[in-house]
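Undergrad: Sequence:
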Amino acid sequence: MKKKVALKDIAERVGVSIALVSYVLNNQRENRVSKEIAKKIRDTAKKMNYRTNQIARSLKTNKTATFGLIVADISNPFSSHLARIIEDEAAKSHYTVLFGSSDENEEKSQNLINVFLDRQVDGLIIAPAENTESQLRALQKAGTPFVLIDRYFPELRSNYVALDNFKAAHTAVKHLIQEGNRRIGLITFETELFHLQERKRGYLAALKEFKISFKKDWVKEIGMEGVLEGVEKAITELLDLPKPPDALFFISNTLSIYGIKYINKLDIRVPDTLAIVSFDETEASDIFYAPLTYIRQPLKEMGQLATQILIENIGKKNIRQMNLDGELLIRKSSIRTKTRG
1 MKKKVALKDI
11 AERVGVSIAL
21 VSYVLNNQRE
31 NRVSKEIAKK
41 IRDTAKKMNY
51 RTNQIARSLK
61 TNKTATFGLI
71 VADISNPFSS
81 HLARIIEDEA
91 AKSHYTVLFG
101 SSDENEEKSQ
111 NLINVFLDRQ
121 VDGLIIAPAE
131 NTESQLRALQ
141 KAGTPFVLID
151 RYFPELRSNY
161 VALDNFKAAH
171 TAVKHLIQEG
181 NRRIGLITFE
191 TELFHLQERK
201 RGYLAALKEF
211 KISFKKDWVK
221 EIGMEGVLEG
231 VEKAITELLD
241 LPKPPDALFF
251 ISNTLSIYGI
261 KYINKLDIRV
271 PDTLAIVSFD
281 ETEASDIFYA
291 PLTYIRQPLK
301 EMGQLATQIL
311 IENIGKKNIR
321 QMNLDGELLI
331 RKSSIRTKTR
341 G
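The numbering used here numbers the first residue of the sequence shown as 1 and each following residue consecutively.
These are calculated hints, taken from the structure and not from any lab test. Backbone N, C-alpha and C define an ideal beta-carbon position, used for all residues, glycine too.
Capping the alpha-carbon separation at 20 angstroms, the derived lysine to aspartate or glutamate pairs in DMTMM-like fashion look like this:
(1) Lys200 x Asp164
(2) Lys108 x Glu133
(3) Lys108 x Asp118
(4) Lys265 x Glu232
(5) Lys141 x Glu155
(6) Lys215 x Glu190
(7) Lys167 x Asp325
(8) Lys174 x Glu209
(9) Lys216 x Glu232
(10) Lys216 x Glu237
(11) Lys332 x Glu179
(12) Lys46 x Glu12
(13) Lys300 x Glu312
(14) Lys261 x Asp240
(15) Lys300 x Glu281
(16) Lys216 x Asp240
(17) Lys200 x Glu327
(18) Lys300 x Asp88
(19) Lys211 x Glu179
Label-pair distances were calculated between CB atoms; the ranges are:
(20) Gln178 x Met224: 26 to 36 angstroms
(21) Asn111 x Gln321: 25 to 35 angstroms
(22) Lys243 x Ser93: 53 to 63 angstroms
With the hints as extra help, turn the sequences into a complete structure.
TA: As structure tokens, then:
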């Protein structure tokens with residue numbers, strides 16, 4: 001096995017002290033050394049394929065320059081886009097991000113937290129699954145810095161960056177009403193997650209504002225397992241009502257993807273027969289013959305802020321809580337060529 005290049009080898013090649021090599025390669029201010037010597041040290045290290053001993057560095061600084069990111073599902077476009085933004089923002093401060101998906105499962109969430117803590121990460125960014133509040137309280141007790149993203153628990157005083165979900169949902173449903181719809185179905189998840197409950201609350205508030213009598217049959221809750229079958233069953237039940245909905249509001253992009261595929265199969269015309277609004281952009285919504293109207297979350301701002309707050313809070317205990325505004329992008333799926341009563 002080829003011997004690893006050490007600081008001593010670089011120092012001997014350049015003709016300087018080991019301390020000076022360490023000083024330059026550890027990105028410390030170079031006001032004590034000439035730019036020429038600093039450049040020579042860096043160039044030599046690169047030519048010799050020097051790799052920093054991260055274990056030794058972490059033992060010395062008590063930091064690993066890494067943090068963990070837990071999302072619901074990294075394959076979901078929302079989560080993957082958010083992860084990339086966080087990764088890029090972290091790199092600006094020389095941090096590396098480790099990823100994991102909880103799959104909305106509290107046991108898997110705890111396992112990921114344990115793995116990341118065993119890796120000695122400096123902190124965590126978490127999109128928390130349902131029933132994981134106790135896990136977060138344990139992190140607080142242990143003094144582990146973390147920032148919640150996309151979701152949070154209102155009873156838990158912690159750092160978070162999220163969407164103003166009530167306002168966003170209210171805006172979406174208000175748009176459907178203003179397009180002439182009066183029977184608006186809601187397809188959501190069967191969950192107590194606060195951000196999804198806020199979206200439901202926004203839906204109900206918009207109906208109330210426009211004096212539309214709410215019918216319990218308009219709301220269909222889907223379990224986290226068997227989502228495809230659940231969405232199809234929900235749409236079938238809604239369409240079988242004596243007075244079926246003239247519009248649907250999907251509370252997440254996962255639900256809307258399955259929904260538009262099934263609606264297309266049923267040969268229901270969108271938006272003439274059924275108007276649709278959803279949350280978050282997906283590629284499927286763009287290739288659908290009636291591109292979906294959706295709430296766009298400020299992913300770039302959300303990811304960058306969460307990363308910045310985490311890095312700022314490593315070693316500190318400041319609390320920052322931010323609710324950002326979404327944007328309703330109105331496209332063909334919700335625009336009526338003529339209104340209905």
